[in-house]
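Using the sequences and the accompanying hints, generate a full structural model.
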Amino acid sequence: MSATSYTAEPDWRPKAIIFDLLTALIDSWSIWDASTPSHTSAEGRRWRERYLELTFGAGAYVPYENLVKKSAYDVGLPSSAPETLLRNWGRLQAWPETGRVLRALRGRGYKLGVVTNCSTDLGHLAARGVEKCVSDAGEEDFNFDATITAEESGFYKPVRPAYEAILTIMGLEPSDALFVAGSAGDVQGATDAGMKVVWHNRIGLAKIGEAVALKEGKSLDDTLKDFS
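Once you know that position 162 of the sequence shown is 162 in our numbering, the rest is easy, because the numbers rise by one and skip nothing.
Since the hints were derived computationally from the structure, they do not count as laboratory data.
Keep in mind that the hints are not guaranteed to be accurate.
[As the list claims (entries may be wrong)] In silico BS3-like links for lysine-lysine, alpha-carbon gap of 25 Å or less:
1. K111 with K15
2. K132 with K111
3. K207 with K132
4. K196 with K207
Written as structure tokens, this is what we have:
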């Protein structure tokens, strides 16, 4: 699918761009695939889709690792699959263009934040990996202006408090922020929280809900080209 655009206010520019972490900025699909017994996307995607159902349906925070393990069990994978995934979490890799795109956005003066359906330890570990990726792409160290996990906010996306938590930390009104969704549920959830949304739909996930993203793209470049 090529980038898809929808009508938006032509002169609107956000004060901040807030990202989903594990899908919009990181290729977490590959490590899920590699953690299955067959090391294939057939098993990995089935497991990941069940995991997304559980996390996006949870509402109030429950231990993230429990959802990873339950989703594996639900699709018939052995306990070794989630154990491998959690053990190798620090090997998560950003999408190839992530470092360059984030550095360009920072250069344009945007505040940059992350809100992720994850535990505190694993979420910040993954965010630090992205920060290192951006730092390696330039001459200066890079840090997000704010990162918040489901464990810290007490809620999993797509419920409104999960998004409101990052806005509060960053001192923003919903109308100040653009949200970059990675999963389908984030398009509806962030829209319901009052933010404008674009969707980095790298692997072609099916739409959920009635909300329509300002733009849907297969890469961060496509998704954010009107703001970079």
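Status of the hints after comparison with the structure:
no. : hint           : in the structure
1   : K111 with K15  : 6 Å, holds
2   : K132 with K111 : 17 Å, holds
3   : K207 with K132 : 32 Å, violated
4   : K196 with K207 : 16 Å, holds
The earlier numbered hint that this structure contradicts is number 3, and it is the only one.
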